[in-house]
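> Letter by letter, the chains look like this.
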Amino acid sequence: MDTALEINIKSLTFPGQEAAALKDIALTVKKGEFIAVTGASGAGKSLLLHTLTGAAMKYDGGLLDGSVTLLGKDIMELPLPAICQYLGYMFQEPQNQIVSVSVGEEVAFGLANLGYSREEIACRSNEALSFAGLQGLENRRTTSLSGGQAQRLVFAGVLALSTPVLVLDQPGAELDRQGKLKLYALIRKIHREKGVTVILAADHGLNLSDFADRVLVMEKGTLKKAYRGRDYPAPPQPVPVPYSAVKTKETVLSVENVSYAYQGGVLGCEDISFQVRRGEFLAIMGVNGSGKTTLLKLMEGLLLPTRGKIKVFGEVMTKKSAFALRAKIGFLFQNPDLQIFADTVKAEVAFALKNLPLREEEKNARVKKVLKKVGLAAYEECHPQRLSRGQRQKLAAAAALIHDPEIIIADEPTAGLQEEDCRLIMDLLTDFRAGGGTVILVSHDPGAVLAYAHRILLLDHQRLIADYDQGDFGGVAASLWQGGGRDEEEAV
Amino acid sequence: MKRKRSDGLDPRLKLIWCLVLLFTALLSSSLRTQIIIIALVFFTDLFLTGSVKKYRILLLIFLIVASQLFLMQLLFNREGVVIWQWGIIEIYSGAMSAALLGVLRTVAISLSAIQMMTWTPSEDAVLMLIGYRVPYRYAMLITMAERFLPLLKEEYASISDSQAVRGVAATGLINRIKMLPLTVMPLIYRAIRRTSEIALSMELRGFGKSETRTFSKELCLTTTEIICCFLLLIAFIVLNFYFHI
Amino acid sequence: MSQPKELTQNNSFFRTDTKALVGSVILGIVFVIACQATGFIDNLLPTGKAGMYLINGTCWAFFTGIIALLYRQPAGLIAGEVEAIISIWYSPLWLAFVFANAVGSLGVSLVAKRYSMEKWSHHILAQFFCNVLGNAVVFVGLIMIFNLPVKVALVETLIVIAVCWPCSTVLTKLAYDGLSKSGLVK
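Chains as they are written, first to last, in the numbering used here: chain A, 1 to 492; chain B, 1 to 245; chain C, 1 to 186.
No lab work stands behind these hints: they were computed from the structure.
Among the hints, a few may not be true.
Here are the simulated DSSO-like pairs of lysine-lysine, each with C-alpha atoms no more than 27 angstroms apart in a straight line [unchecked claim]:
1. A:Lys311 to A:Lys249
2. B:Lys178 to A:Lys328
3. B:Lys178 to A:Lys319
4. B:Lys153 to B:Lys54
5. B:Lys178 to A:Lys363
6. A:Lys220 to A:Lys10
7. C:Lys181 to A:Lys363
8. B:Lys178 to A:Lys320
9. B:Lys153 to C:Lys49
10. B:Lys178 to C:Lys181
11. A:Lys220 to A:Lys30
12. A:Lys354 to B:Lys178
13. C:Lys119 to C:Lys181
14. A:Lys73 to B:Lys209
15. A:Lys31 to A:Lys225
16. A:Lys369 to C:Lys181
17. A:Lys10 to A:Lys23
18. A:Lys346 to B:Lys178
19. C:Lys119 to B:Lys54
20. C:Lys181 to A:Lys368
21. C:Lys181 to A:Lys220
22. A:Lys346 to C:Lys181
23. C:Lys181 to A:Lys372
24. A:Lys373 to C:Lys181
25. A:Lys23 to A:Lys224
26. B:Lys209 to A:Lys31
27. C:Lys181 to A:Lys354
28. A:Lys309 to A:Lys320
29. A:Lys297 to B:Lys178
30. A:Lys297 to B:Lys153
31. A:Lys328 to A:Lys249
32. A:Lys30 to A:Lys194
33. B:Lys178 to C:Lys49
34. A:Lys346 to C:Lys49
35. A:Lys30 to A:Lys224
36. A:Lys319 to B:Lys153
37. A:Lys354 to A:Lys369
Ranges of calculated distance between the beta carbons of each label pair, as one might list FRET restraints [said to hold, decoys possible]:
38. A:Met76 to B:Ile227: 53 to 59 angstroms
39. C:Val170 to B:Thr223: 56 to 62 angstroms
40. B:Phe62 to C:Val155: 22 to 28 angstroms
It should be emphasised that the depicted structure is a prediction, and the values quoted were computed from it without experimental measurement.
Even glycine gets a Cβ: it sits at the ideal position worked out from N, Cα and C.
Between the sequences and the hints, there should be enough to build the whole structure, so can you do that?
Printed below as a string of structure tokens:
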């Protein structure tokens with residue numbers, strides 16, 4: 001038997017929803033094939049993968065009209081916990097898949113559930129850890145791992161099960177480019193060396209023709225196009241968007257010889273100086289542990305420098321002045337869920353206006369305007385938690401824009417988003433800049449940075465090591481795009 | 001990490017030790033007994049782990065509780081004779097000793113429980129529960145609590161930070177109270193989303209497939225440990241119900 | 001066609017699927033974090049200085065109620081015990097919480113088994129049982145552990161119930177409706 005998966009989905013619907021979430025998907029996956037599924041946000045990629053595991057029906061309550069056969073077995077006949085004998089599944093967020101305290105226990109989790117002997121578990125776990133480049137870390141606490149290590153640990157846990165089929169849902173979504181490339185190299189290796197069948201919802205910015213036998217493009221819950229892997233076009237290397245030079249010399253933010261040391265003397269950042277002029281689109285880059293987060297917290301006024309000072313519009317950021325200075329800044333976080341608390345989209349956006357001396361009608365008009373701008377006008381009364389991840393990030397952007405800030409500080413605003421959503425968020429920031437605002441973007445996504453920023457600051461070992469203008473990007477672009485630079489684990 | 005003497009002991013012995021101290025503290029009304037229990041916790045910890053530093057963070061909590069108990073007893077305790085009077089406020093002779101007993105008992109109970117917690121790795125606690133016939137699906141929740149506590153605390157700090165930079169004032173009593181729903185609701189939403197993914201990830205790795213599961217080690221009570229358990233139980237019965245210490 | 005247990009066990013007392021068990025631990029930890037935050041605030045208030053933790057008590061009843069409503073039993077009990085055990089590190093009354101959290105949660109579940117929890121009256125009743133049963137156990141703890149005079153412990157307990165019952169009812173109803181609207185729970 002050469003078939004790994006036989007998929008025949010006439011429709012998949014969820015109770016209370018009229019439209020089918022998936023429809024008319026007929027697909028045969030041969031053993032040893034590598035299939036990449038791609039498509040815009042909400043196209044149904046993750047749901048298709050969920051259907052292959054049976055989770056869409058057994059866990060999420062979907063009603064399937066059709067059939068999915070995994071290695072000759074009807075998926076509906078297999079209980080969810082028995083699937084792991086045939087299929088290994090991994091999704092985006094590593095922290096939601098690691099359930100053990102130590103690395104050794106985590107990699108053995110699935111094997112132990114299946115009742116293998118201790119010797120067998122030890123043998124398979126060591127092999128999987130070694131394959132994922134985590135050998136020697138068996139006794140490490142899982143909380144101490146870097147993002148890349150954590151995702152590779154999850155991968156090792158799936159590999160240890162030695163399943164003939166791997167289903168991976170954007171496994172690199174939460175990783176920086178280096179981590180992503182490293183993880184995909186492992187996936188390719190296991191596919192080539194062990195002949196494992198791989199079906200993955202691909203992360204954006206990768207050259208799928210490098211490894212996929214077939215690339216399936218999804219749209220609105222169905223398969224729109226199918227390519228042979230080698231025919232699928234490679235993503236273009238980002239080309240900087242030309243911009244009009246910053247005309248004013250007004251400095252909106254200046255960081256002057258700033259150093260910060262955490263309790264116990266751990267260095268957060270050291271002797272960093274730079275200035276940001278009005279109208280600039282500045283990007284701050286660096287691997288995890290290079291000092292980006294500390295610098296960001298200092299600019300937000302959440303930390304105060306142990307040496308040097310930060311000035312916003314000429315006023316020194318202190319504990320006292322921080323509250324007033326923040327009123328001139330809009331903040332956009334990596335994870336919108338860290339701020340969303342309200343019951344409706346409208347209430348969430350309007351919250352920022354609560355303390356402004358505006359009449360109710362004015363507030364409503366502003367809310368409507370900003371929601372229209374971010375494309376959420378139709379969702380005004382919707383509960384924010386019903387929105388997709390990309391839409392929630394747009395909602396956070398609306399909340400940041402509504403009080404007409406002069407600067408926007410964005411911390412990895414595109415992490416975990418689909419290409420289309422990334423573009424939308426970056427376009428919003430570009431529009432904001434075009435309207436006279438200043439953007440400070442902290443990111444490890446070279447695609448977004450190289451295409452949109454006018455200036456890049458590179459941090460390493462808690463220090464500012466380079467300051468490039470758009471004209472100088474040529475030298476650094478190729479290196480960033482190929483995931484060059486210091487490895488995140490060295491920094492951690 | 002350096003292996004401590006306490007690591008080699010069976011968690012069941014540790015549990016009996018903890019329960020003996022705890023119930024003795026609850027049953028005894030003697031100040032001397034409470035002091036002995038506190039001393040026993042410190043001595044055994046020094047002997048088995050070489051340090052009692054972990055108890056330092058409790059000092060502030062104990063000080064707050066002590067101040068509350070003294071205040072309440074001095075104002076409201078009516079045992080003994082009046083030793084001081086000012087207007088309607090009367091202080092009775094029994095107040096001080098009652099407050100002191102309350103404070104010492106609180107300290108004894110808390111220290112003995114913390115000792116048990118810090119001596120017992122979560123994996124050992126899981127194995128102990130499985131030994132008591134608790135299904136592994138339930139017993140393993142202990143390790144999950146240890147795994148996710150720091151993660152969710154970090155998340156709560158991030159939520160507080162993000163609300164603060166959004167312009168929510170976090171200083172002053174009223175602002176702190178106002179800020180509660182703004183920080184707790186996102187945490188609840190995140191927790192529910194997280195729950196769904198974690199549970200699915202566990203099930204897709206065979207969690208709950210069978211009634212039993214392989215664990216990396218097994219617990220085994222040695223003869224000495226069994227004898228110690230019996231001696232502790234006998235000592236508890238004799239001291240509390242015969243000598244009424 | 002098989003359906004997830006949460007869809008088929010709508011009004012039942014028990015729910016033992018993996019999601020409910022994991023949810024009990026995760027929300028139990030959120031419960032701990034919220035109790036720590038509210039306990040800190042209470043310590044700054046005069047009522048807190050007198051040993052009456054009104055905000056903390058409201059938070060306790062809210063979480064005890066909402067977890068039992070979302071994930072039923074034994075999740076409510078597990079979450080309560082997670083809170084009680086971790087509270088060893090910050091609350092000397094932890095021993096009373098071991099029992100108070102359990103009876104409070106069971107009280108809510110008994111009401112939730114009987115009623116749809118769609119009306120205010122259902123939440124008022126559930127929180128009444130939760131607050132009275134839970135605080136009754138804490139009352140015993142105040143006497144046994146803190147060695148407080150019975151009358152003082154009784155007055156404190158009654159004040160806490162009088163304040164926390166209405167407050168926690170409002171919070172639980174609003175949050176429960178919000179969570180139902182969010183689509184995160186079915």
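> For which of the previously enumerated hints does the structure constitute a violation, in increasing order of number?
19, 34
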